[in-house]
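Peer 1: Chains as they are written, first to last, in this note's numbering: chain A, 591 to 775; chain B, -17 to 102; chain C, 260 to 444.
Calculated directly from the structure, the hints in this document are not laboratory data. Where is the CB? At the ideal position from N, CA and C, for every residue including glycine. Incorrect hints may have been included.
Stated by the list, open to error - Pairs of lysine-lysine residues, derived as PhoX-like cross-links and limited to a Cα-Cα distance of at most 20 Å, are as follows: (1) C/K375 / B/K(-9); (2) A/K675 / C/K417; (3) C/K312 / B/K(-9); (4) B/K(-9) / C/K417.
Claimed, not checked - A short list of chain C residues far from chain B (calculated; beta carbon distances all over 10 Å): (5) P320; (6) H325; (7) V392.
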Amino acid sequence: MKRIGIIIALLFAVQLPAAAQDWDPGGALKKLSAKASKAIDVTLDQSMLQFAGAFLDSKDPDQVQAKKIISNMKGIYVHSFEFEKAGEYSEDDLTPLRAPLKEPVWSRIVNVRSKHDGQNVEVYFKKEDGKFTGLVVIATEPTELTFVDIIGPINPEDFKRLGGQFGIPKVEIDQDPPGKKGETK
Amino acid sequence: MNRLEDELKRALERVQPPAGFAERVLARARAEAEKPARSRRWLGLFGLGLAGAGSLRWAAACALCVVLAASGVIYERDMQRRRGEEAKDQVMLALRITGSKLQIAEQSLKELDSTSQPQQ
Amino acid sequence: MTTAAAAPATHKLDFEDLVREHQRMVFSIGYHFLHNAAAAEEVAQDVFLELFKRLGTLESPEHVTHWLRRVACHRSIDYARRNKGAAAEVSWDQLPEPAQPARHSDLGNSDPMMSKHLQQMVAALPQKMRMVVILRYQEEAGLEEIANTMGIPLNTVKSTLHRAHAMLRAKMEQTIGKEWGEVNA
Chain A
591 MKRIGIIIAL LFAVQLPAAA QDWDPGGALK KLSAKASKAI DVTLDQSMLQ
641 FAGAFLDSKD PDQVQAKKII SNMKGIYVHS FEFEKAGEYS EDDLTPLRAP
691 LKEPVWSRIV NVRSKHDGQN VEVYFKKEDG KFTGLVVIAT EPTELTFVDI
741 IGPINPEDFK RLGGQFGIPK VEIDQDPPGK KGETK
Chain B
-17 MNRLEDELKR ALERVQPPAG FAERVLARAR AEAEKPARSR RWLGLFGLGL
33 AGAGSLRWAA ACALCVVLAA SGVIYERDMQ RRRGEEAKDQ VMLALRITGS
83 KLQIAEQSLK ELDSTSQPQQ
Chain C
260 MTTAAAAPAT HKLDFEDLVR EHQRMVFSIG YHFLHNAAAA EEVAQDVFLE
310 LFKRLGTLES PEHVTHWLRR VACHRSIDYA RRNKGAAAEV SWDQLPEPAQ
360 PARHSDLGNS DPMMSKHLQQ MVAALPQKMR MVVILRYQEE AGLEEIANTM
410 GIPLNTVKST LHRAHAMLRA KMEQTIGKEW GEVNA
């Protein structure tokens, strides 16, 4: 989380031109859903987020953090698909999802691939008028694909703390030397 | 089989439930089995059980209407609360999924760093 | 106690016998998942009540075992999602004693505190991963059986288990020391 935080902090220093968010990957996700053996869809627009926020428990630290994260958000859309076997979806299926995520509006800050089990995680941030207004995560493995689309405004500091909360064990990271971290493969 | 797996087997051995667990389950099952009989007795009070007590029957019917109306309000409130809880669960699920994927990215970066050559 | 009146006369499955035979399994799935004895009892009672209602539809003792395991899994996960605070730590005084002596007591170096530590770590894993680990090591279920019980693809079970090992090992190295990772086949 610290490493992603450093990258995000450096991006803050760069002014990017504003661009309207006119992207709807619904077609690609429908196709993936048709191929999947199991799918999780979470669709929460601004009104649902505000409604849910009223039910978050102020005594539970995780829910307090969640309330803070979603407080100004305009939407959270999570689509997670499981497939019977490897090869049931391809890179071509992912192309429409990635197509709109282009510079200068979007920046891909992380692209990592794990050798052990073929996992790949891409993290994109959108910046408008000096503020982060979008987060997309595309996580793939041979039999699973997850697409997260969060419409901001977003405070990257809040997302830094996601590891170690909500039942996710925190992995301690060694202190990184200062400097920009580019993409890694 | 390695040490971690041995220790996991030990740590996750089945445990005995608290004393009296089976008895509590059996008691609940008995209560469940008796439910239809009790409902029939209550229905009898509003039907065949009040022969000759016309005004009493009307009062019982009115009371039932009030109860049903109140139940409607309570039901709506319950539904609202349930919808809210479901929305809350969806938020937490979404954040968990997002967090776990970001965690994988961080973990992979860490693995990458641990195998790369140190820079001079 | 005999089965519900609706059961066929030839049904040989006796409810009370089934409760006494399977209470440890059902309770333990809930306990290791939720890490809370009261919550585990609530889930286990609900599971057995469901069994009571459906006993007439189950065909054999083996069917009952698989059914109970599957329902216990899903009810535990549902409970955790509905009651975020249920996955709380159990104090030393409340921890139930194991029903039998440890099967690996010949491991001279093993420390009882390690089991407690591992239980807490398992309870902190993401839900799906946690349940896979519990089915694998508590129930000693095969990978296909885990896939059937949880209703997820076999490859997902494999990759989830692999990730769980990596996470737990990393955490153990952090908290116990580097020698943890060296004692390995």
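Peer 1: To test your reading of the hints: which numbers does this structure violate?
Peer 2: 3, 7
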